[in-house]
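Given next are the chains, with one letter for each unit.
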Amino acid sequence: MDSSKRKRVKMAEVVFDEDDEELSLDEENIISASEDEEEVDDDRKHTKLLEAISSLGGKRRRMQAERSEASLQVSEFSVNAEGAGEKVQLSDLLGTVEKTPGAPNKTKKQLRNLQNLKETLELPLSRQQTEKIQRGVAYERSSTEVSRWESVIAQNQKAEQIIFPLKQETAGPKRVEQVVAGWKAQTPLEQQIFSLLHSNHQPVVDPVLTPVEEASIRAMSLEEAKIRRAELQKARALQSYYEAKARREKKIKSKMYHKVQKKAKRKDFLKQFDEMMKTDPNAALEELKKMEMSRMEERMSLKHQNSGKWAKTKAIMAKYDDSGKLTSESHEVTEKPDATTAEEPVRNQAQDEDQEEMEEENEEEKLLRHFEMKRKLRKDGDDNLVPVAQQEEDGVLEKPVGDVQEDEKEEEEEEENDEEEEQEEIVSEFNTLFNRLMKRPQKRTEPPSRKVTQVQEAELIHEEEGLLDEGLVHARTVEDLEDLGHDGIVEKEAVSGSYAASVDTASEPHGKKKRKEIDPSEVLTKNANAIKVPLAPTLVEGDEGEEEEGVSAQMSIIKEAFAGDDVISDFLKDKKKQEEAGQPKVVDLTLPGWGEWGGVGLKPSRYKRRKFRLKPPPAAPEKTRSFRRSQFETCIRSPVGQTWNTQSTVKKLTAPKVVTRLGSIIEPIRKEDFLKEEKSAAALKNKPQIVLEEKNRTSRRPGGGARGEQKKKKKKK
Amino acid sequence: MPDKNQHEGLKRNRRPNKKFISGKKDPFPGEAPIPEVQLKKFQRGKKIQKLKNVKKRAKEFIEKSEMASNLAQKQAARYDLMLPEDAGFLEGDEGEDTCTVLQEDIAEAVDITSGAKYFNLHLNQFGPYRLDYSRTGRHLLLGGRRGHVSCIEWQTKKLMCEMNVMETVQDIKWLHTEAMFAVAQKKWLYIYDSNGIELHCIKKFNDVLRMQFLPYHFLLATASATGFLQYLDVSVGKEVAAICTKLGRLDVMAQNPHNAVIHLGHSNGTVSLWSPNQREPLVKMLCHRGAVRSLTVDKTGTYMVTSGLDRRLTVHDIRAFKPLHKYFLPAGASCLSLSQRGLLSAATGDVVQVYKDVWGGGKISKPYMAHRVRGSVWGVGFCPFEDILGIGHGEGFTSMIVPGAGEPNFDALDVNPYRSLKQRQEWEVKALLEKVQPELIGLDPGLLSKVDKVSFEQKHKERVAALGYDPLANEKFKPRFKKRGKSASGAVEKRKKKVAHEDQRDVIRKTVAEKLQREKERKESAKQQGMQWKKTALDRFKK
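Line by line, the protein sequences are chains A and B.
FYI, in my numbering the residues of the first sequence are 1 to 717.
FYI, in my numbering the residues of the second sequence are 1 to 543.
It is possible that part of the hints are untrue.
[As the list claims (entries may be wrong)] Restricting the straight-line Cα-Cα distance to at most 30 Å, the calculated cross-link-like pairs of lysine-lysine (DSS-like) are: (1) K47(B) / K299(B); (2) K314(A) / K494(B); (3) K450(B) / K657(A).
Please keep in mind that the hints were generated in silico from the structure rather than gathered at the bench.
Using the sequences plus the hints, can you model the full thing?
Listed below in structure tokens is the structure:
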């Protein structure tokens with residue numbers, strides 16, 4: 001840190017100063033010219049003119065360097081050479097140094113070197129770049145400022161009801177402190193009194209310190225100021241130094257250099273890591289994880305797909321080897337490595353990573369535990385975090401061979417869990433099926449794949465058609481369900497329904513096709529329960545004595561006699577027609593006689609007919625009730641109106657989102673309202689005249705808090 | 001129960017573990033429990049069980065509305081206590097059949113007001129009569145076949161109007177209030193007010209045989225001899241739909257009060273279900289071998305009872321379109337009617353029988369009550385909110401007492417039997433405001449509260465097919481081709497990675513950072529706690 005660095009810093013300072021001079025040089029000339037006009041003396045005028053002319057041509061007069069800030073050590077680079085009118089050369093100073101016997105040789109040498117140095121110094125950052133940095137910083141600051149409000153906004157949006165004004169004054173008597181706390185001088189007399197008190201810096205309510213004393217306390221001491229400035233200086237110097245360094249390194253194109261650099265870095269890091277292992281194992285573990293993550297990400301990318309030595313040789317060898325085995329292997333190589341197969345090559349390939357893996361094996365138990373924990377967390381919390389998920393996946397990929405089996409077991413368990421979940425979903429849809437499934441545990445324990453289970457379920461569904469009443473059968477209440485159960489002997493019957501798409505989406509016909517058609521005649525002729533009526537009807541309808549009705553009654557008797565013959569067949573015909581109308585038809589576009597002989601008795605060839613018969617596409621899947629738009633459905637599930645609810649419920653459900661009290665002023669939310677610890681500057685300005693003890697404690701020394709923070713920062717450093 | 005209580009955010013705990021000064025504990029802490037049965041009674045729709053793959057905002061919303069539903073349900077169940085009236089049935093002595101109990105005996109046994117509700121009107125000149133009770137059950141409309149029309153406030157026996165329209169009267173029906181009624185006369189449909197003044201003659205509706213009024217839609221549905229089913233919107237006086245059923249003379253008609261679907265019975269033994277939105281029947285089902293003589297649907301829209309010329313009486317479950325029970329009546333039932341509490345009246349010739357538990361229990365073998373009237377029965381109807389069955393027959397009208405027929409508790413906001421004129425007027429305005437549009441009539445009235453995802457998807461698919469691209473899809477990032485190996489697969493992948501999930505990145509980053517922070521804090525606090533545990537007496541010298 002020391003001498004060389006300090007020198008650089010100082011040099012930088014000098015450079016800055018010189019820049020300033022150059023900028024202000026022209027201005028200086030102009031000013032001097034204007035001053036000249038006021039002079040009366042001709043000689044002087046003349047000499048001035050000469051000077052001015054000479055200055056235009058050759059050497060420019062240098063402005064004397066001014067030191068803009070006080071520093072502890074006076075730099076020899078910015079010493080004023082007053083009266084000389086010329087720039088102080090380094091050699092002027094050096095000459096004296098050479099002569100002085102007391103000066104150490106080292107410094108002399110350094111100075112000489114300095115003199116011979118031809119390098120120019122780096123330019124400061126361009127305006128655009130500095131502005132960019134400033135903008136970035138400003139954005140950060142303002143975004144944090146704005147994001148403070150986010151929670152408040154979210155809360156207010158979520159709130160069922162907001163009552164304005166937000167600060168409700170509680171009714172009833174108040175304590176004296178509360179009343180006095182917000183008091184302000186209003187009448188002229190009061191104002192006068194308070195202005196007098198304030199102007200004389202008199203305490204208003206028994207404060208321990210007068211405002212003057214407070215101000216003196218608040219002000220920084222000289223020492224502190226010095227320290228602060230020194231810090232700032234240092235920071236500035238460091239910044240420029242790092243900038244320069246980075247710029248230089250950036251320019252280096254040598255690959256070798258970078259390689260070495262990287263290696264050195266790695267070594268350094270490892271050393272640090274070892275140290276950390278000893279001192280702070282937790283942090284080390286975290287670091288390890290980070291490393292592992294980055295490595296995994298790297299390995300996961302397609303970049304390293306076939307770049308391994310082994311893979312390359314395999315690929316080359318595949319060309320020459322005609323045995324199918326190798327080629328197939330080479331084909332495998334090109335594919336993304338599997339969880340189990342990819343282990344070997346990956347390990348062989350990266351030698352320096354072996355170390356890490358050794359460590360990893362040490363930490364494996366911890367990692368496993370960690371995964372377990374993460375998994376639990378994930379199960380608990382709904383919101384999945386991306387890195388966690390990734391980590392888990394990667395973890396599965398990268399486990400060493402020894403653990404693969406265990407992992408597989410885990411995976412199997414997971415899969416089973418997943419499958420169970422899926423099944424549960426399906427099961428919840430078919431409540432009746434559920435019990436059956438539960439009775440067959442052996443089928444559930446070995447589900448090879450999801451498709452198979454689905455097929456099984458489909459079969460089950462077909463088997464249990466009788467149990468499963470799809471479509472329109474949905475019991476509205478439990479009692480109804482019970483009724484259905486009791487009735488048991490529900491017969492299937494012919495229903496011809498052409499449900500309009502717009503009106504009805506019931507999926508009855510789907511199940512119906514599979515059902516065996518039951519002869520409706522059987523249904524209708526099934527024995528009905530005869531009811532004994534104690535009072536037999538005295539009048540037969542035909543005997544009513546009316547001509548018109550007599551005829552109709554006659555007809556009805558005839559119909560009754562011949563009932564049941566044509567009715568059923570008619571109905572069935574009708575039903576068939578309806579069903580056919582619903583189905584898409586084959587369009588026959590064959591034209592007889594085109595491309596072949598036509599005429600009476602000649603049919604177009606089978607090939608042609610097949611070619612020109614347009615088969616309709618399979619019918620669109622039946623609309624199923626797989627509605628999962630829960631947001632709308634829950635919202636509309638229960639009515640809000642008075643007709644369906646009790647009065648209190650209606651009031652609660654229809655309560656307005658925002659309530660304002662009549663006549664009260666609604667002020668925008670202030671920061672202080674939700675950030676209790678932070679007092680804005682505005683609030684401090686608006687301080688009431690009387691401040692009581694309670695409030696004093698918090699707001700007396702606003703400077704103190706900031707200073708405290710500084711001290712803390714120092715400690716951290 | 002405990003998790004339910006957690007969900008109740010809106011609920012205020014009346015006494016949240018409040019302790020008495022004496023130190024006594026509250027033996028019944030919290031709110032009074034509500035029996036499950038009552039809760040179930042007021043359940044509306046299905047609760048959503050799982051909330052998987054739902055975004056946070058939506059989840060909050062869903063939870064909030066679920067909470068509101070729960071609150072409404074609980075409150076309603078709690079207030080159910082305030083319906084004190086209970087229904088009872090006629091119970092015979094041991095060995096006595098309830099159906100042999102005579103009306104006169106019942107009238108004698110019950111109190112005077114109830115006893116006065118059994119009466120006969122001898123109107124042998126213009127019969128047989130059809131009848132209709134108003135929705136409140138206070139007013140009775142009688143229409144004699146030979147033109148006699150009268151409306152009566154039947155409980156006070158006050159005659160509101162009486163006239164002879166000098167034409168055949170096929171059917172009569174009250175409209176939404178007792179101020180107006182429709183009469184299907186020989187040729188056209190007429191509308192009169194309660195004073196008997198003819199308001200409208202609607203010539204578009206000719207040869208009407210049967211009528212039904214859908215109170216929440218303000219629709220008058222008519223079935224004509226020419227096979228037309230027509231809907232008249234009585235609030236604006238417009239014909240909503242006219243459907244040619246092509247099924248012959250339509251003289252059997254009923255409405256499903258649950259979903260306002262009209263049921264028509266036909267001479268070929270089928271029953272067809274109609275809505276004004278569709279030219280074809282919604283459902284057509286074969287119920288009888290002979291013609292259908294009469295049909296009726298219960299209040300919940302679950303069961304339909306039909307009778308046919310084959311002398312059978314069938315109970316159908318119209319959710320599944322399946323017959324539940326079949327009965328054989330000695331002489332087939334000509335008129336059917338269901339009461340609010342599910343009693344079935346069937347008229348065979350001049351005998352009216354009332355059946356109990358038609359669908360609930362097992363098969364019935366005998367009627368609950370029976371009554372013989374003078375002429376052959378032409379129309380039957382239960383009076384709402386009263387234990388009364390009105391019978392219109394050839395010799396006039398009979399009001400019969402049927403214990404347990406009417407709903408004992410009425411909803412005063414919907415139909416209030418005791419409403420004043422002012423209340424009726426206010427109700428009318430509100431009902432008109434809440435009028436349901438005829439487009440909403442369909443088999444499932446709850447369909448409106450569901451999202452038709454399937455047809456949306458189908459439409460979207462068609463749209464995609466028509467446009468050739470998916471207008472709703474996010475444009476996929478396609479890396480530009482670059483030279484010098486920058487479009488190698490690895491590089492491309494890298495570039496893709498750079499823009500992947502661009503929209504969510506900030507949020508994810510933030511939440512992850514927050515989570516890590518929290519985790520860190522948690523760890524620190526845990527560590528500190530651990531430290532505290534370890535603290536020894538010597539620690540005080542440590543600095």
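How the hints compare with the structure:
Distance hint between K47(B) and K299(B) is fulfilled; the C-alpha atoms sit about 24 Å from each other, no more than 30 Å. A hinted pair counts as satisfied when its Cα atoms are at most 30 Å apart, and K314(A) with K494(B) qualifies at roughly 26 Å. At most 30 Å may separate the alpha-carbon atoms for a hinted pair to count; K450(B) and K657(A) meet this at roughly 26 Å.
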